[in-house]
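Number of protein chains: 4
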Amino acid sequence: MDTFNKLAELFRQFPGIGPRQAKRFVFFLLSKDREYLEELQELIANLKDHIVQCGECFRFFQRRNDALFCSICADPNRDTSELMVVAKDTDLEAMEKSNMYQGKYFVLGGTRALVERKHADKLRIQELTDRVSRSVTPSVIPAKAGIQREPLREIILALSANPDGEHTTDELKTLLTHFSIKISTLGRGLSTGSELEYADKETLKSALKNRSES
Amino acid sequence: MDTFNKLAELFRQFPGIGPRQAKRFVFFLLSKDREYLEELQELIANLKDHIVQCGECFRFFQRRNDALFCSICADPNRDTSELMVVAKDTDLEAMEKSNMYQGKYFVLGGTRALVERKHADKLRIQELTDRVSRSVTPSVIPAKAGIQREPLREIILALSANPDGEHTTDELKTLLTHFSIKISTLGRGLSTGSELEYADKETLKSALKNRSES
Amino acid sequence: MDTFNKLAELFRQFPGIGPRQAKRFVFFLLSKDREYLEELQELIANLKDHIVQCGECFRFFQRRNDALFCSICADPNRDTSELMVVAKDTDLEAMEKSNMYQGKYFVLGGTRALVERKHADKLRIQELTDRVSRSVTPSVIPAKAGIQREPLREIILALSANPDGEHTTDELKTLLTHFSIKISTLGRGLSTGSELEYADKETLKSALKNRSES
Amino acid sequence: MDTFNKLAELFRQFPGIGPRQAKRFVFFLLSKDREYLEELQELIANLKDHIVQCGECFRFFQRRNDALFCSICADPNRDTSELMVVAKDTDLEAMEKSNMYQGKYFVLGGTRALVERKHADKLRIQELTDRVSRSVTPSVIPAKAGIQREPLREIILALSANPDGEHTTDELKTLLTHFSIKISTLGRGLSTGSELEYADKETLKSALKNRSES
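Residue numbers (numbering that gives the first Met the number 0), protein chains in the order written: chain V, 0 to 213; chain Z, 0 to 213; chain G, 0 to 213; chain B, 0 to 213.
For the record, the hints were derived by calculation from the structure and aren't laboratory data.
There's no promise every hint is true.
In silico negatives: residues of chain B with every beta carbon more than 12 Å from chain V [what the hints assert, rightly or not]: (1) 48; (2) 78; (3) 101; (4) 112; (5) 177.
Output of the computed footprint for chain Z on chain G, the stretches with three or more beta carbons under 8 Å from beta carbons of chain Z [said to hold, decoys possible]: (6) 1-7; (7) 13-24; (8) 40-49.
Mimicking PhoX-like on lysine-lysine, the simulated pairs with C-alpha atoms at most 25 Å apart in a straight line are [said to hold, decoys possible]: (9) 204(G) - 5(Z); (10) 5(Z) - 31(Z); (11) 5(G) - 31(G); (12) 204(G) - 96(B); (13) 181(G) - 87(G); (14) 181(Z) - 204(V); (15) 204(V) - 204(Z); (16) 87(B) - 5(V); (17) 22(Z) - 47(G); (18) 172(B) - 208(B); (19) 172(G) - 208(G); (20) 200(Z) - 200(V); (21) 204(V) - 96(Z); (22) 87(V) - 5(B); (23) 172(Z) - 208(Z); (24) 87(B) - 181(B); (25) 181(V) - 204(V); (26) 22(B) - 47(V); (27) 5(B) - 96(V); (28) 22(B) - 204(G); (29) 208(B) - 87(G); (30) 31(G) - 47(Z); (31) 172(V) - 87(V); (32) 47(Z) - 5(Z); (33) 22(V) - 204(B); (34) 208(B) - 172(G); (35) 204(B) - 172(B); (36) 208(Z) - 172(V).
In this text, all values refer to a predicted model and were calculated from it rather than measured experimentally.
No residue lacks a Cβ here, since even glycine has one placed at the ideal position from N, Cα and C.
Hey, can you work out the whole structure from these sequences and the hints?
Spelled out as structure tokens, the structure:
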């Protein structure tokens with residue numbers, strides 16, 4: 000196979016890209032000057048050296064000064080008594096952008112598909128139990144001796160409100176139950192833009208249960 | 000204007016119907032036999048005699064034996080201490096289908112548009128305050144003497160989670176505040192199918208606040 | 000079944016209308032005043048008396064003075080040497096609007112589905128052969144004695160460029176071949192908005208064959 | 000700006016890619032193993048050395064043995080009397096896949112936007128007139144002495160049937176008129192899937208004009 004088709008094949012693996020758009024990507028690159036191509040190539044070459052996974056929460060972050068932990072995990076002002084489990088980096092980003100949460104995170108690495116014969120996914124189940132184990136008792140941050148961390152008091156399972164998310168939530172609950180820590184899930188209800196007429200039973204039930212006095 | 004175009008004009012007023020589909024409706028009717036046309040014509044002719052608005056909640060219902068009230072309003076087993084205000088009949092239907100609510104309803108007749116110079120809409124504001132006034136004190140159902148109704152203790156404003164719905168909710172709160180009754184709104188949060196990554200700030204905030212221990 | 004659901008059932012048969020929109024139609028009618036409902040009902044009641052099928056081309060037209068033929072068939076200035084066979088009234092309307100054709104029409108009443116066990120459709124096959132038979136020899140218009148009609152010299156099969164249209168075209172060719180009249184089909188090629196990149200083989204082939212010198 | 004956002008910025012320039020998908024591309028790359036990344040990086044690095052533009056028709060092709068011309072331009076069996084001008088490589092590919100054309104090509108490099116103040120585009124106008132000039136008289140292929148090429152007798156302007164395509168076609172006609180060669184454009188008509196009812200006037204006009212006897 001020639002260069003064109005080899006490159007198109009690689010682009011086809013990009014999320015959401017079909018064969019036609021993969022080819023358009025190659026033609027696009029052919030139309031760009033060498034400067035653009037060199038920058039692209041270099042960024043891809045250095046990607047895994049520059050962006051690494053946090054040793055604590057497993058999100059990706061730009062490494063600076065050989066830091067092992069991301070800015071959130073290294074931040075002494077974040078509340079260590081709460082741990083929010085999200086499926087992926089972009090979920091964490093959305094939550095951070097909302098500016099509503101001050102606790103810590105754990106990036107699970109995906110959700111477990113409801114229908115799947117074997118666990119082909121690579122969820123960080125062991126890493127999660129390790130993370131929780133380390134946090135259930137008060138501790139002193141090694142790096143900054145003297146500052147005491149609050150022990151973990153609540154795990155918030157923040158998976159999406161779809162079948163895979165709910166299935167994963169159920170598995171995690173079972174897994175984490177022996178820690179005797181409060182485990183909570185995100186509230187269900189009407190999301191922004193929801194119309195009553197089209198809401199399903201589960202949503203209406205939660206909306207009614209979670210109704211708030213004004 | 001000829002019959003064809005007159006009829007197409009009327010169909011164009013149907014919700015969601017453009018000029019092309021309005022014409023297709025006329026051609027469709029031309030293709031049907033006289034039996035179908037007669038049934039359609041007769042049902043339309045009798046519509047307003049057969050389907051009337053409930054004198055209590057203003058939903059439409061099939062009149063039987065000159066009943067003035069719909070089956071929900073006439074049902075002595077529904078909880079009279081809760082009144083849910085919905086924008087339209089289909090919202091009420093969705094809530095009934097969910098089987099989660101045992102109280103009474105009030106159909107407001109729409110929502111108030113956020114941007115609107117004058118109140119051209121026909122919301123049943125006066126009817127709502129009358130309805131609430133009648134229900135704040137314990138009463139005896141006239142038709143079934145002896146059965147005591149619970150006084151109204153909570154008004155649930157169940158408008159959609161969009162700008163018009165929220166605007167209407169705010170207006171109703173102001174309007175109803177002097178009754179000194181608990182006023183609540185449906186809970187916000189992740190609705191079924193919501194993905195964290197795409198959720199807006201308001202939804203995430205509510206989802207976090209309404210999180211439930213499992 | 001009650002009035003509401005009976006009427007919704009009838010609306011569900013309208014082209015392109017699902018159960019939810021059918022219900023919305025009923026709620027819409029309930030919201031309209033009696034004047035609108037009466038006009039709608041009356042137009043439906045009189046529809047088949049006011050709009051009839053042309054005895055010559057079978058298109059629908061508003062009957063005036065007990066006319067048996069539509070304005071096109073009655074027009075002495077239209078070219079009787081050309082007969083365009085279209086599937087339905089709206090196709091004829093599109094062609095008339097283009098202002099490109101001066102001949103006569105025949106509305107077939109649909110196309111024949113490529114996969115269909117028996118001929119459940121009601122194509123006007125017999126009526127078409129009758130129509131052609133009557134026109135192959137010069138004749139005198141009975142109603143306007145003295146005006147001689149041109150004999151039919153070309154039948155243009157103007158079906159859509161999709162499988163059903165092509166299948167029907169093939170059937171009609173076979174059917175009409177013994178008349179020894181020129182039979183033509185609409186030209187294929189790039190239609191307005193077509194992009195070369197996405198054009199299929201058949202379209203490109205025709206576009207190449209039908210290329211025009213400028 | 001950090002590596003992540005720099006790379007996302009470059010992906011945003013890819014055709015059809017918005018900011019969100021650009022980010023997903025970076026996360027996707029972070030999830031892939033080094034092997035994939037190295038292959039991708041290497042293919043991009045070598046792209047412009049391996050894939051070059053044909054010196055004759057300007058399409059991109061995989062260079063082999065320092066060939067200056069693509070396989071079509073180098074093919075002695077292609078008809079040199081016809082030259083098809085297409086906007087871009089993918090148009091040429093679509094035409095080749097249809098297997099209907101045996102002549103030569105010229106890739107213009109785009110179309111000229113109808114509304115554009117200055118000619119910021121890089122259409123190969125000069126290259127096209129050079130190409131035509133060289134071909135109007137019979138010549139001998141230098142590389143394969145003795146084989147006589149047919150002189151150019153027809154230029155087929157194969158631009159898309161949209162405003163920009165038509166505008167470009169008009170410009171090219173004016174530009175090429177002094178060569179006194181036949182200039183043709185692709186045939187217009189019903190493209191595959193076209194329905195008569197929705198066809199515009201221009202398409203119906205061409206479909207009628209280009210109708211073919213069967």
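- Query: What are the numbers of the hints the structure violates, in ascending order?
  - Reply: 1, 9, 28 and 33
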